[in-house]
Structures are given as C-alpha cells and as structure tokens.
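Visitor: Residues per chain, in single letters:
Protein chains: 2
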Amino acid sequence: MINRRGEVITSAVTNLDLHDISRAARTYGVRAVFCVTPLEDQQQLIGRLIEHWTEGYGARFNPDRREALKLLRIAASLTETIAAVTACEQQAPQMVATSARPQPGTIDCQKIGQRLADGIPQLLLFGTASGLAPEVIAAADAVLEPVVGCGVYNHLSVRSAAAIILDRLRFRRNGELAQ
Amino acid sequence: MINRRGEVITSAVTNLDLHDISRAARTYGVRAVFCVTPLEDQQQLIGRLIEHWTEGYGARFNPDRREALKLLRIAASLTETIAAVTACEQQAPQMVATSARPQPGTIDCQKIGQRLADGIPQLLLFGTASGLAPEVIAAADAVLEPVVGCGVYNHLSVRSAAAIILDRLRFRRNGELAQ
Numbered sequence: 001m002i003n004r005r006g007e008v009i010t011s012a013v014t015n016l017d018l019h020d021i022s023r024a025a026r027t028y029g030v031r032a033v034f035c036v037t038p039l040e041d042q043q044q045l046i047g048r049l050i051e052h053w054t055e056g057y058g059a060r061f062n063p064d065r066r067e068a069l070k071l072l073r074i075a076a077s078l079t080e081t082i083a084a085v086t087a088c089e090q091q092a093p094q095m096v097a098t099s100a101r102p103q104p105g106t107i108d109c110q111k112i113g114q115r116l117a118d119g120i121p122q123l124l125l126f127g128t129a130s131g132l133a134p135e136v137i138a139a140a141d142a143v144l145e146p147v148v149g150c151g152v153y154n155h156l157s158v159r160s161a162a163a164i165i166l167d168r169l170r171f172r173r174n175g176e177l178a179q
Numbered sequence: 001m002i003n004r005r006g007e008v009i010t011s012a013v014t015n016l017d018l019h020d021i022s023r024a025a026r027t028y029g030v031r032a033v034f035c036v037t038p039l040e041d042q043q044q045l046i047g048r049l050i051e052h053w054t055e056g057y058g059a060r061f062n063p064d065r066r067e068a069l070k071l072l073r074i075a076a077s078l079t080e081t082i083a084a085v086t087a088c089e090q091q092a093p094q095m096v097a098t099s100a101r102p103q104p105g106t107i108d109c110q111k112i113g114q115r116l117a118d119g120i121p122q123l124l125l126f127g128t129a130s131g132l133a134p135e136v137i138a139a140a141d142a143v144l145e146p147v148v149g150c151g152v153y154n155h156l157s158v159r160s161a162a163a164i165i166l167d168r169l170r171f172r173r174n175g176e177l178a179q
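Sequences listed follow chains A and L, in order.
This note's numbering applies: residue 1 is where the first sequence begins, and numbers increase by one.
This note's numbering applies: residue 1 is where the second sequence begins, and numbers increase by one.
The following block holds chain A by itself, in its conformation from the complex (with noise of 0.2 Å):
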C-alpha cells in the first residue's frame, strides 16, 4: 500500500474490513476472499479471527457471520494469491486492481461482467491506507474506473467502495441491469 505521503508501506489489518468485505462478498456471490498481508503477526491474528467466526464462539453466537468468514483466507503475498486461485478455478485469474485515482484506460464493471460470463474468474484488488502501491496497480491486468458520486469527492472507505463495485457487479453484469 501506500500512505498519505505516497510511500509504499505495509499496513495493519482491521478488523471491520474483513467483516464487511466477507459479508458483501458473500451476499453476492464471490468465490473467496484473500487477505493480503506479508506480516506474520497479523497473519496470526486474521487467523484466529477466522477461527472464532467459522468454528469458536462466534459461528455458534452468529451463524450469518460465519457463512461471510468462511469465505476469507490469508496470503502473505500476490503471488500466493493467484496461486490459490488459479488451484481452485483451474485456471490463471485476470488481476482488476481497483484505485480512486482517475487514470487513462481504467475498464467499467460492464467489462467485468463480460468476463465473467466467459468464465474468465476476476481478481478484484482493493488496497487499504491510501490505496494499492503503484507497482500493485502496474502488475494488475486492468484497473477498474473509480466509484465517482455527484462530484469530484471520492473519498469513501475500502469497505464501502468494495460494496458499491460488487452491487455495480451484480447489475451490470453481461451489459445490463440484471434486476
């Protein structure tokens, strides 16, 4: 990621993203999502999250919340990432990262859903802090447009925007609304 100043950093996890990213993945039908963190510190403490939601208390306190963190894994990199992925889905993923930054050749959740309905699988990338280090952006296949609103504000939250682009996903998908 990279902070404020636009140095590449790593940053913490918190908590509520893996919440609310798995809760909307889940509600619309997203395979899996990966937590990406070289940190082992944190890798522990995702996977102890983990295993309160899907198999301690918590699953047994909240059995809707454990059917969003079942989807959730950890990766200590990219590469690890598309890995599993390309495992599960018997084949490479196209990498869309995703930035708030207006950038020349951004794609439209409609081309997304093309893709998808080719049964191309899409690995969205969604950064924390002040969003995915540029090299992350460079690697991708494609980078999504950003969610713009009524003006030239766009500043929400990972998890806000992560939720916005999957409903867009939802009702743009083969080129028109699906409702």
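Simulated from the structure, these hints should not be mistaken for laboratory data.
Yeah, the Cβ is synthetic: ideal placement off N, Cα and C, and Gly gets one too.
The following label-pair restraints were derived from C-beta to C-beta distances:
1) L:Glu135 / A:Arg5: 46 to 56 Å
2) A:Cys150 / L:Cys88: 16 to 26 Å
3) A:Gln110 / L:Thr79: 39 to 49 Å
4) A:Pro146 / L:Asn62: 17 to 27 Å
5) A:Ala117 / L:Thr79: 46 to 56 Å
Using the hints provided, position chain L relative to the given structure of chain A.
Guide: Okay, now just chain L, sitting in the frame of chain A:
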C-alpha cells in the same frame, strides 16, 4: 432498534458507521447525516468526534474527512430530526425506512429518485444492531426494498447497505442510468 432476540433496545454508536456513512453521503451529494440517539453520553461522544474531525487535529490531519464529517448532526429523537430537516428544507421530508427483511409494499430506489426529482426531501432511516424497531418502520412513509445480491443471503453491514443504496439512488435517479 431491535436486538438479535427482537427486543427493542437503544444501540451504542459505532464510530466507523459515522465515518463511512458520512463519507458515502458526501460522495453522493446527501445534504446531512443525523445520528439519532436518546443517550446523552453517546451524544457527547459524537459531539467530541465531530469536533475532532471538523475543527480539531483531525480537520488539519485529513481535510477530506472533514468535508464528510461536516455533514454529521446529532439528534435525540426522530421527531427532532424531522424538525431539523423541515427547518432546513422548508418542507417536511418523506421518511423512508430501510430493512433487510422482505415485506409487502416496499418501494425501490427509482421511486425515491422520482421524489427527489420532484423536489421532495427524502429522509432515509438506517438501523444498527438488528435493524430499526417495528414502530419506526410503521411510522415511516415508505419502506425501501432490501438490498439483495445473488441469492438469499442478506446480512450486509449498515455501512455497506447505506453505500450501496446511495450508489443505486445516484444511478437510478429519474428511472434511468445517469452514468
């Protein structure tokens, strides 16, 4: 609100709800966000949070966040909220409750968009905990259809649901995709 057992409760304020919903509101051109709680200590907590982000250190640290949190108001009741909106808009708003539970007679985002286009202020009510109390839903002028994804799973966070509904309102206004 109601809790998991369906009992009417007063829920605690979640800091990230205020941030995420204010940021989404600012993105989509919403005029104000009211956090409604009868608990005086919670009102004071929200007041400190607003002060920090609109006038204190937070405002200098993150001016974008300031833009969002400036929309946030505190109210002790729905009656007080309606009075504040009426004073500001010079007409009473229509109250639209949201709920994850399917129920007869709900309206969709296109209908709300039509009302906005007709110049009628719309006051969207979002619940925390396990949702709005039945008497709040009964007192509303209308209930918005639940956000559904690809199946029956329907357990989004209020932060995600609010972001999705504002995005749908933006793109369905006047009965057509505005993008």
